[in-house]
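Colleague: Line by line, the protein sequences are chains A and B. For the first sequence, position 329 matches number 329 in our numbering, and the numbering has no gaps at all. For the second sequence, position 21 matches number 21 in our numbering, and the numbering has no gaps at all.
Be a bit skeptical, because a hint or two may be false.
[What the hints assert, rightly or not] Restraint-style ranges between C-beta atoms, simulated for each label pair:
no., chain 1, residue 1, chain 2, residue 2, range
1, B, Pro22, A, Gly463, 51 to 59 angstroms
2, B, Glu50, A, Gly295, 37 to 45 angstroms
3, B, Pro22, A, Gly295, 56 to 64 angstroms
4, A, Pro351, B, Leu26, 12 to 20 angstroms
5, A, Leu464, B, Glu50, 42 to 50 angstroms
6, A, Arg5, B, Thr42, 52 to 60 angstroms
7, B, Gln8, A, Asp149, 40 to 48 angstroms
8, B, Glu52, A, Gly142, 40 to 48 angstroms
9, A, Tyr326, B, Glu45, 26 to 34 angstroms
10, B, Met3, A, Gly257, 55 to 63 angstroms
11, B, Gly15, A, Gly371, 39 to 47 angstroms
12, A, Pro236, B, Thr44, 35 to 43 angstroms
13, B, Gln8, A, Leu370, 40 to 48 angstroms
14, B, Leu26, A, Ser323, 19 to 27 angstroms
[Stated by the list, open to error] From chain B, some residues computed to sit far from chain A (all C-beta separations above 10 angstroms):
no., residue
15, Glu4
16, Asp6
17, Gln8
18, Pro23
[To be verified] Derived contacts from chain B toward chain A, CB cut-off under 7 angstroms, selection only:
no., residue
19, Leu19
20, Pro20
21, Arg32
Quick caveat, the hints were computed from the structure, so don't treat them as lab data. Glycine residues also receive a C-beta, built at the ideal position from the N, C-alpha and C atoms.
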Amino acid sequence: MSEPRLPFSGIAELGRLYRSGAVSPVDVVEAQLARIGEHAGLNAFITVTAAAARARARDAEAEFSAGRFRSPLHGVPFAVKDQMLLAGAPLTAGSRVAAFQVAEADSSATAVARLEEAGAIPLGTLNTHELHLGGTAAFPYGRPRNPGDPQRTPGSSSSGSAAAVAAGLCTFSLGSDTGGSIRGPAAYCGVVGLKPTWSRISRHGVVPLSSTLDTVGTITRTALDAALLLEVLAGPDPLDPTCDTRPTDTYAESGSGSLAGVRIGVVEEMLDPAFSDEAAVALLKERLTVFEQLGAEVGTASLPLLATSRLVTDVIVAAEAASSHYGPLRAEYRNYDVNTRATLAVGALLPADVLVQAQRMRTLIAEQVLGCLAEFDVLAGPAANAAPRWEELLHREPVPVREDHLASVPLTQIYNLVGNPALSVPAGTTGDGLPLGIQLAAAPWQEALLLRTAGAFGKALAGLGA
Amino acid sequence: MHMELDEQTIRALIGARELPVPPEDLPEIARRLNALLAEAATWTEHGASEAEVWQWQFAEARDE
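Throw the hints in and build the complete structure from the sequences for me.
Modeller: So, in structure tokens, the structure goes:
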């Protein structure tokens, strides 16, 4: 394998190369560390733990020489959204607020620790919108850029997580998704972003934003890689009482690639010009033929409360975030970004009956989504309303939050309200070469079906050269 | 029926919560708060007042 390709190899591919002896984890880590330096202008990383990564790579190389392969993740480099603890690294939460600063973490978040135990090699922490809220106006660690076009946004809030994978700065990354913070950036950067079912992955060691919506997930090059990761990450954690205790599934099962019998419902409201531009809708419709060629039955689904899901989410996020951050907000108000503090202040002022009404609306929205998921196995729609934009982000600060990244959010937020799994899979590019993604969603706990569907689609699309 | 909160009222609420909000932040907070209150006032049209409060129904349904 030629050296330039190594940083872009996926987990499954690296595993094969390691087992064949063709490549050492030292080579991969060095190649990605070099790219991190070369692409520092993307502002994808906040902290690079180069020395520790090199030491782990040498250890993995020695283990491989002795024939010891701990897991499919052994020797695979990754990075962590800077809102979850990575042992030995600082934590910033993308914020200047002193309450969230950890000079050097003593231990890793459970999700990170599970990856480390499986032999994966952390390269550092990744840039994020402050407290993973989205809409940050002034980034303390530099504004993240899209590797496809640095003049454009990589999406929010797992901005560095998506940019780093897309740019070959790490093989996979961890992110979090409260209203689309994994799926949006993945779509904007042309990679796969998985938000599992709420509570599927532990949140111990993760800075909270909105407790009933926050979900830890992954950004990868392929759906198969996401499946391999979920097998390690999912499962109960005694340190997180909200983490679900049901047994995990086999997510990376190799199938025939056929989607025969899978019923896919295209959410018609997501194709409305209010939510998705012409290019996003046209590409989605074109790609539906790929699902049909794989044997899936494609029909039309309807979620009339899609538009309502946006402000229902806004109420719940604001109230829950204010609950988590009220103390620091009072103590360090001016250290928060201007958009973050406005959201938190609104959350602290909302009347309680409005939050109750929002939770009631959430019930109605969930009934619609789960009703559709009784009729269809998978729901489909654009993952972002358009290709990544640029002008607002680079020429106006502070960014009026409603005119920036939130234009896409009803497409993704609705599945956070329900808690069911959803992902963004690359669907191709616009005429300008900008990435667009398709969002797929399944019923709660049906990650295996979701990943199988996305995997089959991704392979078929690669076969078409798209 | 929704009544928009004026800045004086919002200032009083901010004071009650002991938040050190500078005057320059007030218009944006007022705009966002009133937008959410106006939207919430429409939710009864969707039947929100008759619905149960969300309680992770999907997990319970699966366990049954």
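Colleague: Now tell me if each hint is right for this structure.
Modeller: Right, here's what the structure says about each hint:
Roughly 57 angstroms separates the CB atoms of Pro22 of chain B and Gly463 of chain A, a value that falls within the hinted 51 to 59 angstroms. Remark: the range hint 37 to 45 angstroms for Glu50 of chain B to Gly295 of chain A is upheld by a beta-carbon distance near 42 angstroms. Range check, Pro22 of chain B to Gly295 of chain A: Cβ separation about 60 angstroms, and the 56 to 64 angstroms hint holds. Look at Pro351 of chain A against Leu26 of chain B: about 18 angstroms separates their beta carbons, and that is inside 12 to 20 angstroms.
In this structure the supplied range 42 to 50 angstroms holds for Leu464 of chain A paired with Glu50 of chain B, their Cβ-Cβ distance being about 49 angstroms. About 53 angstroms separates the C-beta atoms of Arg5 of chain A and Thr42 of chain B, a value consistent with the hinted range of 52 to 60 angstroms. The supplied range of 40 to 48 angstroms is met by Gln8 of chain B and Asp149 of chain A, whose beta-carbon atoms lie about 46 angstroms from each other. For Glu52 of chain B and Gly142 of chain A, the Cβ-Cβ distance of about 45 angstroms falls inside the hinted range of 40 to 48 angstroms, so the restraint holds.
The hinted window of 26 to 34 angstroms between Tyr326 of chain A and Glu45 of chain B holds, with their beta carbons roughly 32 angstroms apart. Under the hint 55 to 63 angstroms, the C-beta atoms of Met3 of chain B and Gly257 of chain A, about 58 angstroms apart, fit the expected range. About 45 angstroms separates the C-beta atoms of Gly15 of chain B and Gly371 of chain A, a value consistent with the hinted range of 39 to 47 angstroms. Separated by about 39 angstroms at the C-beta atoms, Pro236 of chain A and Thr44 of chain B satisfy the suggested range of 35 to 43 angstroms.
Between Gln8 of chain B and Leu370 of chain A the beta carbons are some 44 angstroms apart, a value that agrees with the proposed interval 40 to 48 angstroms. At roughly 22 angstroms, the beta carbons of Leu26 of chain B and Ser323 of chain A sit within the given window of 19 to 27 angstroms. Look at Glu4 of chain B: its CB is around 14 angstroms from the nearest CB on chain A, clear of 10 angstroms, so calling it non-interface holds up. No beta-carbon of chain A comes within 10 angstroms of the beta-carbon of Asp6 of chain B; the shortest separation is about 13 angstroms.
The non-interface label for Gln8 of chain B is consistent with chain A: the shortest C-beta to C-beta separation is roughly 14 angstroms, beyond 10 angstroms. With a least beta-carbon separation of about 13 angstroms from chain A, Pro23 of chain B lies farther than 10 angstroms from that chain, consistent with its non-interface assignment. With a least beta-carbon distance of about 6 angstroms to chain A, the hint placing Leu19 of chain B at the interface is held under the 7 angstroms criterion. Restraint check, Pro20 of chain B versus chain A: the minimum CB separation of about 5 angstroms is within 7 angstroms; hint holds.
Look at Arg32 of chain B: its Cβ gets to within about 5 angstroms of chain A, closer than 7 angstroms, so that hint holds up.
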